[in-house]
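Asks: Protein chains in written order, with my numbering: chain A, 6 to 504; chain B, 190 to 360.
Hints listed in this document are in silico derivations from the structure and should not be mistaken for laboratory results. A quick note: this is a predicted structure, and the numbers were derived from the prediction, not measured. One should not assume that every hint holds.
[Stated by the list, open to error] In silico lysine-lysine, PhoX-like type, Cα no more than 20 Å apart, as pairs:
{"id": "1", "chain 1": "A", "residue 1": "K394", "chain 2": "B", "residue 2": "K318"}
{"id": "2", "chain 1": "A", "residue 1": "K433", "chain 2": "B", "residue 2": "K268"}
{"id": "3", "chain 1": "B", "residue 1": "K293", "chain 2": "B", "residue 2": "K340"}
{"id": "4", "chain 1": "A", "residue 1": "K292", "chain 2": "A", "residue 2": "K356"}
{"id": "5", "chain 1": "A", "residue 1": "K252", "chain 2": "A", "residue 2": "K288"}
{"id": "6", "chain 1": "A", "residue 1": "K289", "chain 2": "A", "residue 2": "K252"}
{"id": "7", "chain 1": "A", "residue 1": "K299", "chain 2": "A", "residue 2": "K289"}
{"id": "8", "chain 1": "B", "residue 1": "K272", "chain 2": "A", "residue 2": "K433"}
{"id": "9", "chain 1": "A", "residue 1": "K288", "chain 2": "A", "residue 2": "K299"}
Here's the letter readout for the chains.
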Amino acid sequence: MDIFGNLMLGFSVALTLSNIMYCFIGVLLGTLIGVLPGIGPIATISMLLPATFVLPPVSALIMLAGIYYGAQYGGSTTAILVNLPGEVSSVVTCLDGYQMARQGKAGKALGVAALASFFAGSVATLLIAGFAPPLAELALKFGPADYFSLMVLGLVAAVVLAHGSLIKAIAMIILGLLLGLIGTDVNSGVARYSFGLPELIDGVGIGTIAMGVFGFSEIIRNLEQGEKREVFTKSITGLLPNWADIKQATPATLRGTALGSFLGILPGGGPVLGSFSAYTLEKKLAKDPSRFGKGAIEGVAAPESANNAAAQTSFIPLLTLGIPSNPVMALMIGAMIIHGIQPGPQIMTAKPELFWGMIASMWVGNFLLVVLNLPMIGLWVKLLSVDYKYLYPAILIFCCIGVYSINNATMDVFLTALFGFIGYLFIKLDTEPAPLLLGFVLGPMMEENLRRALLLSRGSPSVFYERPISLVLLILAFALLVIVMLPNISKKREEAFQE
Amino acid sequence: MKKGNQTDFWSGVMFTAIGVLFLVVAYGVKFGDTVLLPGYSMGTPARMGPAFFPFWLGLILAVLGVAIVINALRSKEAKPLEKFHWGPILWVLGAVVAFGLLMKPIGMPLAGLVLVIVSSLGGENFRWKPTIFLAIGLVVFATGVFVYGLKLPIPLCPDISNLQDMRACRV
Numbered sequence: 006m007d008i009f010g011n012l013m014l015g016f017s018v019a020l021t022l023s024n025i026m027y028c029f030i031g032v033l034l035g036t037l038i039g040v041l042p043g044i045g046p047i048a049t050i051s052m053l054l055p056a057t058f059v060l061p062p063v064s065a066l067i068m069l070a071g072i073y074y075g076a077q078y079g080g081s082t083t084a085i086l087v088n089l090p091g092e093v094s095s096v097v098t099c100l101d102g103y104q105m106a107r108q109g110k111a112g113k114a115l116g117v118a119a120l121a122s123f124f125a126g127s128v129a130t131l132l133i134a135g136f137a138p139p140l141a142e143l144a145l146k147f148g149p150a151d152y153f154s155l156m157v158l159g160l161v162a163a164v165v166l167a168h169g170s171l172i173k174a175i176a177m178i179i180l181g182l183l184l185g186l187i188g189t190d191v192n193s194g195v196a197r198y199s200f201g202l203p204e205l206i207d208g209v210g211i212g213t214i215a216m217g218v219f220g221f222s223e224i225i226r227n228l229e230q231g232e233k234r235e236v237f238t239k240s241i242t243g244l245l246p247n248w249a250d251i252k253q254a255t256p257a258t259l260r261g262t263a264l265g266s267f268l269g270i271l272p273g274g275g276p277v278l279g280s281f282s283a284y285t286l287e288k289k290l291a292k293d294p295s296r297f298g299k300g301a302i303e304g305v306a307a308p309e310s311a312n313n314a315a316a317q318t319s320f321i322p323l324l325t326l327g328i329p330s331n332p333v334m335a336l337m338i339g340a341m342i343i344h345g346i347q348p349g350p351q352i353m354t355a356k357p358e359l360f361w362g363m364i365a366s367m368w369v370g371n372f373l374l375v376v377l378n379l380p381m382i383g384l385w386v387k388l389l390s391v392d393y394k395y396l397y398p399a400i401l402i403f404c405c406i407g408v409y410s411i412n413n414a415t416m417d418v419f420l421t422a423l424f425g426f427i428g429y430l431f432i433k434l435d436t437e438p439a440p441l442l443l444g445f446v447l448g449p450m451m452e453e454n455l456r457r458a459l460l461l462s463r464g465s466p467s468v469f470y471e472r473p474i475s476l477v478l479l480i481l482a483f484a485l486l487v488i489v490m491l492p493n494i495s496k497k498r499e500e501a502f503q504e
Numbered sequence: 190m191k192k193g194n195q196t197d198f199w200s201g202v203m204f205t206a207i208g209v210l211f212l213v214v215a216y217g218v219k220f221g222d223t224v225l226l227p228g229y230s231m232g233t234p235a236r237m238g239p240a241f242f243p244f245w246l247g248l249i250l251a252v253l254g255v256a257i258v259i260n261a262l263r264s265k266e267a268k269p270l271e272k273f274h275w276g277p278i279l280w281v282l283g284a285v286v287a288f289g290l291l292m293k294p295i296g297m298p299l300a301g302l303v304l305v306i307v308s309s310l311g312g313e314n315f316r317w318k319p320t321i322f323l324a325i326g327l328v329v330f331a332t333g334v335f336v337y338g339l340k341l342p343i344p345l346c347p348d349i350s351n352l353q354d355m356r357a358c359r360v
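Chain B with its partners taken away, still in its complex shape (with noise of 0.2 Å):
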């Protein structure tokens, strides 16, 4: 299983797998009376439902996907997969997904803070003095241009009524 191209092997079997997410859901799911998905309208050439166009899409990559594995196993070249590393991935993604998270609950200035600590745990030699600067820094920062400069309507405080109706927190 370790022969052929198995970069190359992986991603026909990611194409397959999404192309054919797409057509069933476009298609619907029933058995017998029982129906699972609805899909949606497929229509005539002429009249084109929803379903028309996302349906031979996802057939098409679906069979492109089948061919590149099928290219993948006869491949004399052996291309094992690059290791994924999962700390830079988990610290990074979770810290924006934490910022998400808590970008409403408790304002941007706080859920920047948390973004920049936990990210900056993903990478080389951390240490706590300048990493707290920097996150200082860059949401005072952060703060002046999108908040004060631009005017997005971004939140400030803790969404806690007492501190909504502070000054300081409504720009």
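Only chain A is shown next, with the shape it has when bound in the complex (with noise of 0.2 Å):
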């Protein structure tokens, strides 16, 4: 088949009128949540985990999209009016965005993020569709040793590109796998570190884990800081972008969605560097650098067009190799697991019309995001209104409600508890969670590859450089590692993340 047959079958599968319902739902959802300050898309996704659990898979995965896409936008829009990221990849967004809004045209602000969002999501839908296949073709040919190759090549990748320092981003890294292996083991049946509780014999859930890092540490860290948020309820008009803004938002929507896709894709990538990257790339090239900062429309629709792109393309990793890169994608996939999917290069055999019809969408959540923004707009500036004293109630109760019934357990309560004091314990320990997400994914993951791959080498680790696929992953993430090492590149890194 071909790529618009498989087009084709997949948006036959989404535009039934349930799957587009369950998108509109999920995108609706996902901004709701991803509006509110503080919360960015790994806690919106986990707190709106157990609402797809009564969904068919298909149906459910199109939701869980959709919730991230919403709460990616709904970032965006808090970064805009309130100058508060609700998550990483919208940082750079506040930088301009905001100022664009103080000078009374946070209106055409909105109007540019979700317009470049758009066509940078419509393009890195046909991106998906293209490369997907043959990549999914070669990842069939990966060996246990391959896939553990590939999977420290990520690691890496992703310790590269953590904020703050690199041993640090280690040892989290090695947390995570660490606390990916509570529960029992698949081969002898021991329950690993399990100490005596029966409800960790399954091991922990990432929803626990997620919510409680991720989504109570937060509500705490913004607690102690107290409320300063200055929003910007009156005058958002003319949503529209006019021919001058077209005129100059269009190259930089090009080059963002060019760089996010492509950084989307690798591992460790996604939209937090596509944003950053594009960022920089547009003060670089701009005429006048010193406009940026300053409402400059360049700095909103590059940024925002390359992490939307970037949000995209971080499937494929997932969906061809079943290995994430990032930890949305971590969370994804676990969620693919309590549907029963297995992600992985099988999938596109075996379930076409789920792989495609998740691709496709895709592309109907980006436009239902336009189609759903552009005229909610005023009901997401009431709600970023709000006190965040009653906010927060809020997200404490759906979050309880969402991790006791992902199991029905209320030990998965307390777990969540001790996680967010873990959680608080890393934001004034200075180490950046996101990387603990991943490696807690991979965990269980490296360990059985790992396992196979000296089993079939007899105990010997020869077949980790004999194999030319993994020579060529290993070579790679060695040579990342050294790279950042250089106190050249490092002192540049800083830079980097500084701005």
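Using the hints, put the two standalone chains together into the complex.
Replies: The structure is reproduced here in structure tokens:
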């Protein structure tokens, strides 16, 4: 089947009335929760995960993907109107978006963000449809040793791109890998690190960790800092950019889309890297870089298109290799497994309607985002002006009910509280928690592939450097690590994150 | 002792402690004949036992932790540990734990009221009246969405047999 035949199949799944509805609900809920300051896509997805349990797998994944885009866009809205990024990937949108809002051009900033995102999303959807099948074919040639090396590369890349200290990020990944091993070992049946608690025999849930570390700890953090918000509720008019704006924003959108799409595919890449790089690129290319940070329209269009493109293309490694490239994808894998789908190269051939349906729904989701957001901006703004003291109890109760419903276990509620404290500790100790979640999902996969690889080679580690695929991946990982450790580059890396 | 990078110092201590915990539990603890912790079987590289992977990861984590500690002590930049605000921690996490404890005995709606009210006590300018309205509103909404809408098996009423027999308590 060619790409258009596949896409047709996908649209025939995505455009059924019920799936459009789930996509719509997902985008709506995602935006609704993502708009709330301090709540990024990870917390939003884990909070809404139980809401998808009653759905059939295809609809559930369509809805989850919708939640993800919604949360992403919601974060940008908050960034523009309140100067508070809901997530790291909209940090750069704050720089110029908020300035535009202060100059009374909030509507224009929001409109450009929505349209640039839509364009980027459409391009990225086509890219996924084109690149996923050959990659999945390649992935079928991967042996256990190659998978292990690929995961090493992915983790190294994630470390390199994390903020702050390199060595602390590596430690966080290892901690995540270890947490992932809690529970029954599939080969021996031994319940590891369960400390006699029957609830831990199945391991710690990804929702528990995500909600604790990314949800609860943020709430405590926000409470201790007190509230200082300035919301632009008035004068949100003129959402549609005029001709001059379009002329200014179009090249930035094109570059942002290209850069974001590429960076999203890389292991460890994703929206964060995409938006930061796109902004830096625009600033470098601009005739007058001093306009940036003072309300330049390119400063909104480029990072917004890049983060949306990257958010989409980061589905490629997930759908073809079954390996998450960033924490949000790690959560998506967790969600897929809960729904009984094992992500990997076999999905495309075994469940074509699910695979292509999800891809087609990405375009539908992006379309709905534009349709939904332009007229509903007023509602999001109202939501933003609600006092935080009324918001956080609401977040807490939905998180608690959500985490309880994953396994109908009160133990999970206690564990989430524990992880909330651990997450707060991470904030205080200045350690970035994102690599932890990635390690958590990869822990059992890495162990299993290491076990299989060594079983096949009768315990000899040579299998990792004798297989060409594995060798190349390991060399890449090593090279990446060496490059960032070079004093020159590591200084630049720090500067890049400072900006 | 207040010199060096305190934040990094304590994060290194944390990583080392966790690493040691994981490797010790995997390896087991024995004094002569008395087995304090049985540990898991290590196996051989060709046939990895359940202890193999966590043991080595735990060791790496502990070593990284020590390296972070050494780096922090040598660091010229003084970075004191940020203050812990126990107020919000205790109110928020305490409310969550209370919700977990009360959920099955008294049902989600009542436990939800407790959660919202207790956690609100951790915020600024607490006032009873709006908080109670908020709590009731949220509980009604959550019950509608999760119990009636999504049909998730969430306990509605206190766990008393007379109440559990009532139709309103079953969905």
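Asks: Tell me, in ascending order, the numbers of any earlier hints that this structure violates.
Replies: The structure breaks only hint 4.
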